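Note that the numbering used here has the sequence shown beginning at -19, numbered continuously upward.
Please keep in mind that the hints were generated in silico from the structure rather than gathered at the bench.
Worth double-checking, as some hints may not be accurate.
Unchecked claim - Okay, derived cross-link-like pairs now, SDA-like style, lysine to any residue, Cα gap no bigger than 25 Å in a straight line: (1) Lys58 x Glu4; (2) Lys2 x Glu81; (3) Lys58 x Glu18; (4) Lys58 x Ser(-2); (5) Lys0 x Gln25; (6) Lys36 x Gly52; (7) Lys2 x Gly70; (8) Lys2 x Phe85; (9) Lys2 x Ser38.
Claimed, not checked - The calculated label-pair distances, taken between Cβ atoms and stated as ranges, are: (10) Glu81 x Ser6: 29 to 35 Å; (11) Leu(-1) x Glu81: 15 to 21 Å; (12) Met(-8) x Cys78: 17 to 23 Å; (13) Glu81 x Glu9: 29 to 35 Å; (14) Gly82 x Glu51: 31 to 37 Å; (15) Glu4 x Gly82: 27 to 33 Å; (16) Gly19 x Gly87: 23 to 29 Å; (17) Ala88 x Ser(-2): 31 to 37 Å; (18) Gly3 x Gly82: 31 to 37 Å.
Since the model is a prediction, treat every value here as computed from it, not as a measurement.
Every residue gets a Cβ at the ideal spot worked out from N, C-alpha and C, and that includes glycine.
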Amino acid sequence: MSNPYDTASERMSILPRSLKFKGELSADEDLLIQGSIEGTIHHTQRVTIGTEGNVKASISAQIIKVEGTVEGDLQAGKSVYVDQSGNLRGNIRAPSVCLVEGSNFNGAVDMGSRAAQANPRATRTGTNGG
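All chains should be modelled from the sequences, with the hints used to inform the complete structure.
Pasting the structure below:
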């Protein structure tokens, strides 16, 4: 089985590190964030916060990968992956979660797959032992 975090998309938007954005961001293609974003991010595909990305936002997408810094809650229809360079302060709600050794995570994890897929804007979180 292939690793969905290593696969480049044919259609990917890149927000460079010189970009500073405030507000609600939404799109249908994959997104790589290297800049600073504050607000909310709603995507139907994959969102990657790159090593230079700094995000203060709630994020909803199918797949979310954190390589940079995120302060906010993550809601994924499929999975959340926090790389060893990732720094996440917020709650995760997704059916599949991977926290790589060396990553920094402060929050709660809810892996109830039905809830994550059925209600991507839910705010309740809990912990799932592990």
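Now for the hints, and whether the structure bears them out:
1. Taking the CA atoms of Lys58 and Glu4, the gap is near 22 Å; set against the 25 Å cutoff, the hint holds.
2. Restraint check: the Cα-Cα separation between Lys2 and Glu81 comes to about 31 Å, which exceeds 25 Å; the hinted pair is violated.
3. A hinted pair counts as satisfied when its Cα atoms are at most 25 Å apart, and Lys58 with Glu18 qualifies at roughly 23 Å.
4. Under the criterion of a C-alpha separation no larger than 25 Å, the hint pairing Lys58 with Ser(-2) is inconsistent with the structure, at around 30 Å.
5. For the hint linking Lys0 to Gln25, the alpha-carbon distance of about 22 Å falls within 25 Å, and the restraint holds.
6. At most 25 Å may separate the alpha-carbon atoms for a hinted pair to count; Lys36 and Gly52 meet this at roughly 6 Å.
7. This hinted pair checks out: Lys2 and Gly70 have alpha carbons roughly 19 Å apart, not beyond 25 Å.
8. Taking the CA atoms of Lys2 and Phe85, the gap is near 24 Å; set against the 25 Å cutoff, the hint holds.
9. Annotation: proposed proximity of Lys2 to Ser38 holds, straight-line Cα distance about 12 Å (limit 25 Å).
10. Our hint of 29 to 35 Å for Glu81 and Ser6 holds, since their Cβ atoms are close to 33 Å apart.
11. As the Cβ distance of Leu(-1) to Glu81 is approximately 31 Å, the hint placing it in 15 to 21 Å is violated.
12. Under the hint 17 to 23 Å, the C-beta atoms of Met(-8) and Cys78, about 21 Å apart, fit the expected range.
13. The hinted window of 29 to 35 Å between Glu81 and Glu9 holds, with their beta carbons roughly 31 Å apart.
14. In this structure the hint that Gly82 and Glu51 lie 31 to 37 Å apart at CB is violated, the actual value being about 19 Å.
15. For Glu4 and Gly82, the hinted distance range of 27 to 33 Å is satisfied, since their beta carbons lie about 32 Å from each other.
16. Between Gly19 and Gly87 the beta carbons are some 19 Å apart, a value that contradicts the proposed interval 23 to 29 Å.
17. Separated by about 34 Å at the C-beta atoms, Ala88 and Ser(-2) satisfy the suggested range of 31 to 37 Å.
18. Our hint of 31 to 37 Å for Gly3 and Gly82 holds, since their Cβ atoms are close to 32 Å apart.
Consistency with the previously given hints fails for numbers 2, 4, 11, 14 and 16, ordered from lowest to highest.
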